[in-house]
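Chains as they are written, first to last, in this note's numbering: chain A, 874 to 1054; chain B, -15 to 258.
Treat the hints as calculated values from the structure; they're not laboratory data.
No residue lacks a Cβ here, since even glycine has one placed at the ideal position from N, Cα and C.
Among these hints, one or two may not hold up.
Claimed, not checked - Listed next, the in silico PhoX-like pairs over lysine-lysine satisfying Cα-Cα at most 25 Å (straight line):
hint, chain 1, residue 1, chain 2, residue 2
1, B, K195, A, K932
2, A, K1037, A, K1052
3, A, K999, B, K44
Unchecked claim - To be clear about the criterion: a stretch of chain B counts as covered by chain A if any three or more of its residues have a C-beta under 8 Å from a C-beta of chain A, and this derived list gives those stretches:
hint, stretch
4, -8 to 0
5, 4 to 17
6, 38 to 52
To be verified - Only part of the chain B face toward chain A is listed, based on derived beta-carbon distances under 10 Å:
hint, residue
7, A33
8, S34
9, L213
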Amino acid sequence: MQEEKKYSEPELVMLLKQRHEVAFSYLYDNYSGALYSIVQNIVGDTELANDVLQEVFVKIWKQIAQYDDGKGRLFTWMLNIARNAAIDMVRSKGFQNSQQNRELQESVYEQAGTTSIAVEQIGLRKVVHKLKSEQKQLVELAYFEGYTQDEISKMLDIPLGTVKTRLRTALIQLRQMLKQY
Amino acid sequence: MKLDIQAYIASGVIESYVLGLATEQEVAELEQLRKQYPEINQAMSEFEASLEAQIMANAKLPPAAIKQQLLDRLQDDFNYVPVTATQQQAATSAKVVTLLWNKYAVAAMVILIVASAGLNIYFFNKVEQLQNKYLSLVSEKNSLEAGLNIYKTKALDIYNSMQLMSDPNMQKVSMPGVKGKEDNLATVFWDKQSKEVYLLPNRLPQAPENKQYQLWALVNGKPIDAGLLGADCNGLCKLKTIPDAQAFAITLENKGGSPAPHLDQLYVFGKISG
């Protein structure tokens, strides 16, 4: 379709800041799939993921002026917006109520990372899934569920220092695995 | 303190930062170190790139309807909206036709504007010149007119004076300057019938500010006030009516006149002949 046009990241950011519809359209075409996958990793393959994705793009559009390329790539910035929006959704009352299976919540610590196979097999979670189960659990809780290390320490009854070290080790491991991409 | 860069890079803090898992303190530290150490910056960029690549490679397309919903929702927010294909096509063909015409029109307009600006400046200067000329002519005319009026008045005075002087009833009394004031001269015209007295100050020095010339009629050796010579008197001026006199004289008196003449201030004196 409109694949001829390619924007460099600075160009794209500039056009977005100037409020060009073409730039927004390009941004969506280019990144919606990637951001949808991270949203689904967190929210699950539900109708809510669609709502979150919309909110994510509205947020990106509204907050683009705050994006600072000195702090990282555009994708990193958008990824964090998507992750935060998805975690916020999961924590909202509406989402909690929609989860019919309350028992799942209770066993979430042991079950972390083993929710739905379909969701585990997409996006970043596909890589995380390949980590050792101990590391996988920490990344799941910290990254996909948004718990602080302090909270994780209490949940798993592991000293905070150990949580930190293990999580760091898991992330280094993740980096090694991502290097092939 | 020397930072062990390799150990820092291997610590996992960079990954924590990129994934949004770092603490505030770690974020501040890394943002600082990144600027100082290219290796750290490099490691971060590499991790960001591989993270992006993995997620992009495993993207999952969302339902197509979402994009349209977003575009509708943000419609009022766009400053630059692309023209649709048909609009574009129509615009392009119309452009080709009008482009040449436009070029000439623009050139002609530019020329017109420049020419008009030039003419404006020219006419503005011209108008200003004419206005100045006109104003000086008006003031010249006014002063000429004023001068003319003066002459008119003078001519009328002279005419009236002549009428009086040539009257057969009029007796002329010449009053030459007294001793020491021989240069002075004044003349009294005395109507023998009406007894009216007219004075012509032929040659009298300008009276000082607080002084005035006073005419006296000498009746049987006694001076009688015959009137004051006004400062506005140009030519023949009517003074007091004197029924009888043998001579006339003029003295310089204090303004308003005196009841009796100061003889030391006598200027001219003339006896009536016959």
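Structure-based check of all given hints:
{"no.": "1", "hint": "B:K195 to A:K932", "in the structure": "violated (103 Å)"}
{"no.": "2", "hint": "A:K1037 to A:K1052", "in the structure": "holds (23 Å)"}
{"no.": "3", "hint": "A:K999 to B:K44", "in the structure": "holds (12 Å)"}
{"no.": "4", "hint": "-8 to 0", "in the structure": "holds (count 6)"}
{"no.": "5", "hint": "4 to 17", "in the structure": "holds (count 3)"}
{"no.": "6", "hint": "38 to 52", "in the structure": "holds (count 12)"}
{"no.": "7", "hint": "A33", "in the structure": "holds (7 Å)"}
{"no.": "8", "hint": "S34", "in the structure": "holds (4 Å)"}
{"no.": "9", "hint": "L213", "in the structure": "violated (96 Å)"}
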